[in-house]
Amino acid sequence: MTKYVKYVDVTKCDGCRACMVACKNWNDLPAEHTDFLGSAQSHPKVTADTWNVLQYIEHENGKGDLEYLFRHSSCFHCTEAACEKVCPEDAISHTKFGTVVIDQDKCVGCGYCVQNCPFEVISLKEYKDKNGKTYRKSQKCTMCTDRIEEGLQPACVTTCHTGAMEFGEKEAMIKKAEQRVKEIKDRYPNARVYNPQGVGGTHTIYVLAEKPSVYGLPENPKVPTSAILWKDYAQPIGKAMIGATTMAVVGAFVTNKFFSKRAEKAEQEDGGESHE
Amino acid sequence: MTLSVVSKEYQNLQKEIIRHQEQWKQMIDRETIKPHLDQAVMATGVPAVALTTIDFNISLFLQWVDEIITILVKNNPELEQKLAGISSLLDEETAIRWIEEASSFHQAYFEKFAACHRLEQWIPSFLAETALRPYLQLTAEMVQPEIHHAVPGAGCPVCGEPVRLASLEEDGKKVIPCPRCLAHWQAKRLECSHCGNDDHKKLQYLTIEGDAVSQIQVCDECHGYMKIIDTRQYITKPSAALLDLNSIHLDFVAQEHGYRAVGEKIGRC
Chain H
2 MTKYVKYVDV
12 TKCDGCRACM
22 VACKNWNDLP
32 AEHTDFLGSA
42 QSHPKVTADT
52 WNVLQYIEHE
62 NGKGDLEYLF
72 RHSSCFHCTE
82 AACEKVCPED
92 AISHTKFGTV
102 VIDQDKCVGC
112 GYCVQNCPFE
122 VISLKEYKDK
132 NGKTYRKSQK
142 CTMCTDRIEE
152 GLQPACVTTC
162 HTGAMEFGEK
172 EAMIKKAEQR
182 VKEIKDRYPN
192 ARVYNPQGVG
202 GTHTIYVLAE
212 KPSVYGLPEN
222 PKVPTSAILW
232 KDYAQPIGKA
242 MIGATTMAVV
252 GAFVTNKFFS
262 KRAEKAEQED
272 GGESHE
Chain L
194 MTLSVVSKEY
204 QNLQKEIIRH
214 QEQWKQMIDR
224 ETIKPHLDQA
234 VMATGVPAVA
244 LTTIDFNISL
254 FLQWVDEIIT
264 ILVKNNPELE
274 QKLAGISSLL
284 DEETAIRWIE
294 EASSFHQAYF
304 EKFAACHRLE
314 QWIPSFLAET
324 ALRPYLQLTA
334 EMVQPEIHHA
344 VPGAGCPVCG
354 EPVRLASLEE
364 DGKKVIPCPR
374 CLAHWQAKRL
384 ECSHCGNDDH
394 KKLQYLTIEG
404 DAVSQIQVCD
414 ECHGYMKIID
424 TRQYITKPSA
434 ALLDLNSIHL
444 DFVAQEHGYR
454 AVGEKIGRC
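Note that the protein sequences, when read in sequence, are chains H and L. My numbering numbers the first residue of the first sequence as 2 and each following residue consecutively. My numbering numbers the first residue of the second sequence as 194 and each following residue consecutively.
So here's chain L without its partners, still in its complex pose (with noise of 0.2 Å):
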């Protein structure tokens, strides 16, 4: 039985990744993250994070991505001529400007950065995105007791990623974690995350055969899909980054059904 279509090797860089993001989370000062949380805002679908006043330390940032570029490169050798010379394009002013571009999913500004300075497209995302997570999870840890519910539709209460992961969890309770700044709320079993649909005749369940861990929720209003992972049938509980990874064939499958990861309700003005 294998689990996931991942190879190993990239898992075992992803698990990496995570441990040093956890230790580089220890390392924040938490008096830089100062949030402000508004419940009004937040119910009309703002994330925590807009409304959250973080004082980066730049050359903490600058030195994560050096590490990630150290990381890389010890587990494929071939991407050190890719990743060399990274460094030296990125200043204070740069840096600032991808933790600000990547807080907001811009990523046409990486693309154009990638073709300005003839890096590979995933380059210069990739390690901001990287870099950025362990103040995300930082705020994530800190708003989390505020965090009860998300607003259909709007992604992650605290950082906006978009939702499409479930867990279940003790008494079958459905839990929807955020692999991006690992955020997690309760949802209602029987209802569509993009667009609040919980009429049970339009929910529909994708399985896949021999994979007796997950199942594919998909609406049938909105035509967006949420991948459900068992995990109390786990010895050790993944981290929602590694299950939506280990995932990733379920994503294919829905998308290949004809659902996608953002539901957009047809015929809404």
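Chain H with its partners taken away, still in its complex shape (with noise of 0.2 Å):
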């Protein structure tokens, strides 16, 4: 199956915050009353309500020039996510298109995820239902899956007016955001692609003008190691110990039958008495 990325040029991005529009009018979200930020950026950062926040950066060049940087922020869809790995409910997972989404029916609101994400783009969002009781569900961006599904590029993608975000094959967007480095180090010396290897690359890959740092995004991100002692040995040890646990019981009551139905038969050939 093809895997999708979507490609993220801050260097093209003008701040217009219709990719954020463009979210909560797809899926359907509320707004959201925030505080002035003392700047134009609207919310501190994600939330379950929020997918995506276009983030807007002061920040002094090498030069001593004061520049306006600005970011799309939103869920990376870590190849090695490790909200998928702490899930104790197997809630979250990959689709087909290497997208990371949240089966809401499974989901406890455990919170496990939003610990353990490691661009903290996971948020909790309380319910409550009919009879008042408030339950918990965890929340983010989902690239769009049900539009993917149908040949569609994501909300946030189709909006964009500057061309800053684009979505395609996996192999296509990592040469192009390669090839638009070369383009603008002569203007953004720290320029790099953000596609951290630390969480086996992400879905969505950015160009950034500067070091990740200055966007407040790890520079070398990982997947917690209890994450990957949970899901990759805790947890199948676990399965193949109930398996065994399962297997000992059942041999236990296959033989225990046998050997009773040979002691019955053998004491019948020893001259049992029949009650007939």
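Read the hints as simulated data drawn from the structure, not as lab findings. Yeah, the Cβ is synthetic: ideal placement off N, Cα and C, and Gly gets one too. Keep in mind that a hint or two might mislead.
Unchecked claim - Here are some of the chain H residues that sit facing chain L, going by a computed Cβ distance under 8 Å: (1) 108; (2) 147; (3) 148; (4) 151; (5) 153; (6) 154; (7) 159; (8) 164; (9) 169.
Given two chains presented individually in distinct reference frames, assemble the corresponding complex, making use of the accompanying hints.
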């Protein structure tokens, strides 16, 4: 199956926030009241009701000039997704397109995914049912998987008027990003492709104008060791243990039946009386 | 979200046929198609194919008809009995007649042919049209540099197919692709392709709730409609034939609202 990647070239972004509006519109997400942050940025970070946020960063470049840096921030859809690994309910999974999605029916709102995401892009939303009982569910960008299934690009990409975002096959997008970095190196000496290998690469890749930390991104994000231990070792061993225990119980049951039948038969052959 | 009401099985069948038509097109000798375009004549609405000499390879045409039958039977084995024996009805003379009648949309001929040979009504016209398209598509490919616009109401400037579909492309350009011959030309955003009406007060748009990519432009002047698909939203732009098929629900909606696929100015002599 073709793996797709969302390509974001922050150097082409003009901070219009149409991607935020398109996301809210497509996913039917409610508006949120937010405090003034001292800049044009509307939300401090993504939330359960705002799956992508346009960051406005005031940055002093190497020449001492002040620059406004913009970045469309949302889920990275990591190949080695920590959220998926720590989820005790298997509620988080990869789709055939490479996107990471949450099964809302399985999510129990434990919050492990929120705590372990290296990019802090998952949030818990609190709901109240008709009986007044509250429960929580994890929420994040789905990369518009429902649109991709119908051959459409994510809503944020289709609305981007500067061409800062594109959507396409993984190899083509990575190549495009590498080429773009070469083109802008003169203007942005720190420019780079952000596709961190510590999480196996991501399905949202960036052309950044500056170091990742300038954008509040981890320089070398990794899947927490505890998550790897839990998902890749503890769970399979646990399942194997359950399997072994089940096999032992079934084995004991069959053996008991078999031996008790043989014993009964032997008893009858040895002159056991019939009750008839 | 579902973009189309057409079943995946039928979509796959159409994709397979389109794939074959593309291969068949490559088999045609380009020298056998000689367009003699006369812009003055075309300006009156005469399609380019009527001004083109095509030396059809009849044995190739018959081979394609057989291949279409094979594809249909593979996708739906129940059709085997209905399609059996058609090849034996097609001699060179009949094949030439099929090509002529399909080129001129002569539906009555095919209905009569079906009745005479006790075939289901759709079969002869479907086979003839499907096997003819590679020739039309190659003609369109060859004359495309000369095709810039269409005469309102005259249909496709290459094959004459009635216009019913437009796509929105880069920079919001409205491009009309022909689902039959795949020719394409640009049109004004605010203009009815059936009657040329460009009065914005008489052009309306019907939208379908939950359908993020399409709308229907309807004209209150001629009561014609046009399906408009925003193909910029697609990862890979589908072919015009598939766009037309997958948006068939829009035809139903437009026709339920009293609009027609071919507009007619009321009270016109």
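Item checked: Violated hints, by number in ascending order, as checked against the structure -> 1, 8
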